[in-house]
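Peer 1: Listed here are the chains, written in short residue letters.
2 protein chains.
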Amino acid sequence: MPSTKLRNCIPTLLLLFLFCFLVSTSHGRRIRVTRNSTYHSDNSIVYLWPLPKHFTHGDQTLSVSPDLSLSLQGVGSNSSVVQEAFERYRDLIFKSWAQVGSTSEYDVSTLTVLVSSDDETLQFGVDESYILYLDGKQSGSIVGGATIEANTVYGALRGLETFSQLCVFNYDTKAVEVYNAPWYIQDEPRFAFRGLLLDTSRHYLPVKVIKEVIEAMSYTKLNVLHWHIIDEEAFPLEVPSYPKLWKGSYSKQERYAVEDAYDIVDFAKKRGIHVMAETDVPGHAESWGVGYPDLWPSENCTEPLDITKDFTFEVISSILSDMRKIFPFGIFHLGGDEVNTDCWNNTAHVKEWLTNHNMTTKDAYQYFVLKVQQIAIDLNLIPVNWEETFDNFGEKLNPLTVVHNWLGPGVCPKAVEKGFKCIVSNQGVWYLDHLDVPWEKFYTSEPLEGINNTDHHKLVLGGEVCMWGETADTSDVQQTIWPRAAAAAEKLWSPLEATTVNNLNQTILPRFQYFRCLLNNRGIAAAPVTNFYARRPPTGVGSCFEQ
Amino acid sequence: MPSTKLRNCIPTLLLLFLFCFLVSTSHGRRIRVTRNSTYHSDNSIVYLWPLPKHFTHGDQTLSVSPDLSLSLQGVGSNSSVVQEAFERYRDLIFKSWAQVGSTSEYDVSTLTVLVSSDDETLQFGVDESYILYLDGKQSGSIVGGATIEANTVYGALRGLETFSQLCVFNYDTKAVEVYNAPWYIQDEPRFAFRGLLLDTSRHYLPVKVIKEVIEAMSYTKLNVLHWHIIDEEAFPLEVPSYPKLWKGSYSKQERYAVEDAYDIVDFAKKRGIHVMAETDVPGHAESWGVGYPDLWPSENCTEPLDITKDFTFEVISSILSDMRKIFPFGIFHLGGDEVNTDCWNNTAHVKEWLTNHNMTTKDAYQYFVLKVQQIAIDLNLIPVNWEETFDNFGEKLNPLTVVHNWLGPGVCPKAVEKGFKCIVSNQGVWYLDHLDVPWEKFYTSEPLEGINNTDHHKLVLGGEVCMWGETADTSDVQQTIWPRAAAAAEKLWSPLEATTVNNLNQTILPRFQYFRCLLNNRGIAAAPVTNFYARRPPTGVGSCFEQ
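Sequence order for the protein chains is P and R.
Letter by letter, the first sequence follows residues 1 to 547 in UniProt numbering.
Letter by letter, the second sequence follows residues 1 to 547 in UniProt numbering.
Keep in mind that a hint or two might mislead.
Calculated lysine-lysine pairs in the DSSO-like style (CA-CA distance at most 30 Å, straight line) [claimed, not checked]: (1) Lys174/R to Lys208/P; (2) Lys252/R to Lys211/R; (3) Lys269/R to Lys208/P; (4) Lys174/P to Lys325/R; (5) Lys211/R to Lys269/P; (6) Lys211/P to Lys458/R; (7) Lys269/P to Lys208/R; (8) Lys270/P to Lys208/R; (9) Lys247/P to Lys174/R; (10) Lys211/P to Lys269/R; (11) Lys208/P to Lys208/R; (12) Lys211/P to Lys211/R; (13) Lys270/P to Lys95/R; (14) Lys269/P to Lys269/R; (15) Lys95/R to Lys174/P; (16) Lys174/P to Lys247/R; (17) Lys325/R to Lys211/P; (18) Lys174/P to Lys244/R; (19) Lys252/R to Lys174/P; (20) Lys95/P to Lys211/R; (21) Lys95/R to Lys95/P; (22) Lys211/P to Lys270/R; (23) Lys95/P to Lys247/R; (24) Lys252/P to Lys247/R; (25) Lys325/R to Lys95/P; (26) Lys95/P to Lys252/R; (27) Lys174/R to Lys325/P; (28) Lys269/P to Lys95/R; (29) Lys174/P to Lys269/R; (30) Lys174/R to Lys244/P; (31) Lys174/R to Lys211/P; (32) Lys95/P to Lys244/R; (33) Lys95/P to Lys270/R; (34) Lys208/P to Lys95/R; (35) Lys174/P to Lys270/R.
Label pairs and their computed distance ranges (CB to CB) [what the hints assert, rightly or not]: (36) Gln506/R to Phe532/P: 40 to 50 Å; (37) Glu314/P to Gln506/R: 57 to 67 Å; (38) Pro243/P to Ser80/R: 51 to 61 Å; (39) Gly428/R to Thr500/P: 49 to 59 Å; (40) Ser80/R to Ser318/P: 43 to 53 Å.
For the record, the hints were derived by calculation from the structure and aren't laboratory data.
All C-beta atoms, glycine included, are put in the ideal place defined by N, C-alpha and C.
All chains, full assembly: derive it from the sequences and hints.
Peer 2: See the structure below:
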C-alpha cells in the first residue's frame, strides 16, 4: 500500500533529520535542565492510571509499613490468586531492602481484602468492580488502614493494582507513603473487553516476553490478550491432532508447545486476563501448508486455504478443538480478513468446485467463513471475525458474531444497527504498529462514536489496540506497545466524562508521563511520551517525567 | 561536534528512506520465508558464547532430567552464591511446567559443582577459571553426568553459565538435551577486566533496570559494571556526608538511596560482577552545585568545580569515603575527561588563585586530578582516569593510575610504555551510543593492538564498552547495549586465536545470531544482529536466527 508507506516515510525522514542534529555522540554536552520535584504536592492531580470511576481523597500523608500484611477475608478468603498477587505487589511497592520487623509506627500495617465469592471462573463480563478505602488509624474511621472489597477475586486484583499505585517510595524518609489520604475509591470498568492484540507469527516472541507483556497489561487493567498466534509467515503452535502443522514455524526453537500455551493462559488468569486465541482463515494461512501441502490449492496458490477439500475443514475443526481445551475464554477469533481469492479462480480444481457449487469467489469466501463459524459455535464458542466479513456479507454472518472493526471508523455503528456485537480497533487510531499515531489519538478515540441509539451501546463489547509484529520483536515490542496502549486502556476503563477532555496537555499529560515512569520503574520499556513518533529514543537528556 | 553528527545523520537518513519502503503497515503481506531447522546438527559450530578457551566435544545427544539436582562439594560447598545461581539457571534451563518426579531415564540427573575455596572475596583478578565435564552415564567415564570444578565460586558461576547454554529445549521430545556430547571444557578469561559502562546521569535508570543489565552481563561473562552514576545533568546518588548533593537529581523519585547502591553491588556480586563507581571531576560535575552552589566558581561558571576552595576537596573526599563503604571494588574511577577550564580564567577569584599559585589552567587541571588521585589512594583505591589526563600530563599521573582510553586508537600502547595500566574503550569501536558501529567492529577490536612488547601486555587490564545515556533510557537501553556488547565480551574472554578470524560471516555470525536469540529467550531485548544501525527494529518479518 504505497500511500501508507509514503505517509509513514516522509515525516519519519524529516523527524530523523531533526533528531540527528540534536543527538550528541560525545561524552556529553552542557544543558541546563529543569528539575521538577513537586509530584503529589498538587493534590488536584490524581496519579492513578486508569482513573477510577469514583473517588474522593484528602490531603494527608500516610506511612505504609514494610511489614504490610494481607488479611484475606470473606467467602473468597482461600484464594491463592489474591495471595500470590499480594506477594507480587509487595515486591513492586517495597524496596528489596525494606526493613522488616521494624518497631516504628506506621499508619497502614494491614491490607484487608474482602472477597465475597470463591468462584474463580474467568469469563467475559466477570465482575471486576472493587471498593478501596485507605485511611489512617487515627481517623476514627470504622475501617481504618487499607481495605479492598470486591465481589470476585478479579475485582480484588484490580483493587490491588490501584492500591500499589497509591504507594509511593519517599527517598527522604525512605518509607513508602500514600499522599492525599484518606482515599475512598469505588471503581469498575466502562467496557468489559479491553484488549491488546499480540502477533507472534511475524516474529516469534518467547514465552518469557509474552508473560512480560501480560504483566504490563495488568498494570493498566487491560484484560484481554488477543493472541494472534499464527499467520502466513509462521505457524509456531503445537496442534496435537495435526502434529506437522508447526513445521511451519520459523525454526524448531521458535515454537509454543501445548504446555507453553497452557502456561500463558494460567499466567494471564492469575492476573484476571483472558486469552482470546485466533485461528485466521481462509486467508493469512500460508504457513499451514508447510506441514500439510494439501491445504494449499496448489504449489503456486498457497493462500487462501483449499476450500474444495473436506481435509481443510477437518484440520480447522481439529485446531479449534485442540485450542478449545487450552483456551477457556468463550470468545474465539476466526479471522477472515484480507482474503484475496484470485488464485481460487486460477486453480483448476478450485475453479471447477466453484462452478459446480454455483459460487462466485465472494460466495465461496462467505461459505468458508460461515462454515468455520458453525464449527466454532458447535464447540460452544462465540466467534469474532474481522470486519471484512461484515462489510462483505453483513447479515449472513451468524447472529452470535462479534464484528472486529479495524479498517476505519464508522463500522461498529453499522454492525450494532444489524444487531451484531462489535469490538473497535480502527487502524487509524488504535494500531500500535502505526508509529505516527500519537498517544493523544489513542486516548481520545471513543468506541461508541456514531452510535446514537443508546440501546445499541451494550453491543460494543469494547476495543483492542493491535501490536502487529512485522517490525516488532523481542527487542522493541514493549516500547512499541507502551505507553500508547495505556492511553487506550484508560479510554476503555474510565468513565466517558473523565476521558472526554479538551486540554489534554494540562489534565492528562502529567498523569500519563507519571504513569509511563511508573512502568519504567517496574522494568517495562515504555517509550517517551512526548516524542512525535512512537518507539523512538528520548531526543536528549532529561527527567523521565518530562519526556 | 558537527562532523560527528553529520556522520551519524546522513547514512541514517538514507537507511531510513530504504527502511520505510520496506516496512508494511497492513495486516501483513505475503513473503516466502526460509525455515532453518538445522541448529546443532552441524557439530562444527559451537553454540557457546563467549567461546571457551579449550574444549572438545563429541556427537552424542544427552537428555537432562527436569529434576536436575545440585551436588555442591569441596571446601566451598556451603556457598549460597552457587546454590542461588543454580536456582536461577534451573529457571532458565527448564520450562516452568517441566515435569518433576518423572520416572523416565535421563542421561544427566545431577550437576556436581566442586569449589576448592570458600573465600567469596570478589576482587580484581579473582580466579574465574573452571572445568566442565558433561558426559552420559553409560560412557564409563569416571565422572559421568555433569561436573563443574572451580577454584572459586566465581569460576563456578562461569561454569554454570556455560552449562546453561549447553542445555537446549527440544520441542519434539519436550525434553532438555545436550548436543554433541561428551563435552570437556577448560575455560578462563583472557582479560580480567571485561566491562560495561552504564550512564545513569543523562537518564535515570531504575534499580530494576540496572539489575536487568547486570543479569544480561552475567550471560556474556562480562564482569565489571562501570557505574557512571553522576554527571553534569543529574546527581542521583545519596551521599550521607553531604545530603544536599542529590538535590541535583532530576526529581525526587529519580534517585538512588545508599541502600539501593548496596543492593546493586550485592546483586552484582552474586553474579561475580564487580561494580566500579565513578566520581568524575573536575569537569562533568555541574549537578553537584544544585545542592552546594559554593562548588561552582560562580553562578555563570558551573563547571569545572571550584579549585580554589578547601570545601571542594572536602566534598570530594567525603563522597569517596562514603562510596568506599558501598563499593568494595579496589579500583575507582575518578573521571577527569573533557575539562574545559575557560571559565576558571574568567572568574575573578579563580584567576587570582591561579596567579598566586603560579599555575596555568592546564597546571591547575593537573593539580586537581593529582590531588584527588591522592585522596583515593589514601582510601586504598587504585585510581582510573580518562585518557585526557594521560594525554595532557603523562608521567605526572600517579604510577598506580589506570589510564582509560576512549578518544581513539593508539593510546594504550603509549600508556603502557610509560608503565601505566590501561583499559581500552576506543570510541570508534566500543562506544555503544555510536549506533553506526556494527557488531563486527566490536568483535574485531583487539585491546593489545600496537603493543609489541609482550612484557607490557599484562598492563592492559582489559576493556569496556560504553553505554552513554543521552538517548538511552529504560525504553531502549537494553537493545542499544545488546547484542554488540556481547561481541566485545567474546573478544575480551576468548583466546586471541579464536577471535582473530577472517570470515566473520561464516564462522562467527551464526553463533552470534544464535546467542542473540538466546538473550531474547531470556527476556533480554537484544536487537537484530544484521541491521546496519544499532537498536533499529527488525526490517521485516522473519526468524530471530536470520535477523
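Peer 1: Any hints from earlier that this structure breaks? Give me their numbers in increasing order, please.
Peer 2: Violated: hints 6, 14, 15, 17, 24, 37 and 38.
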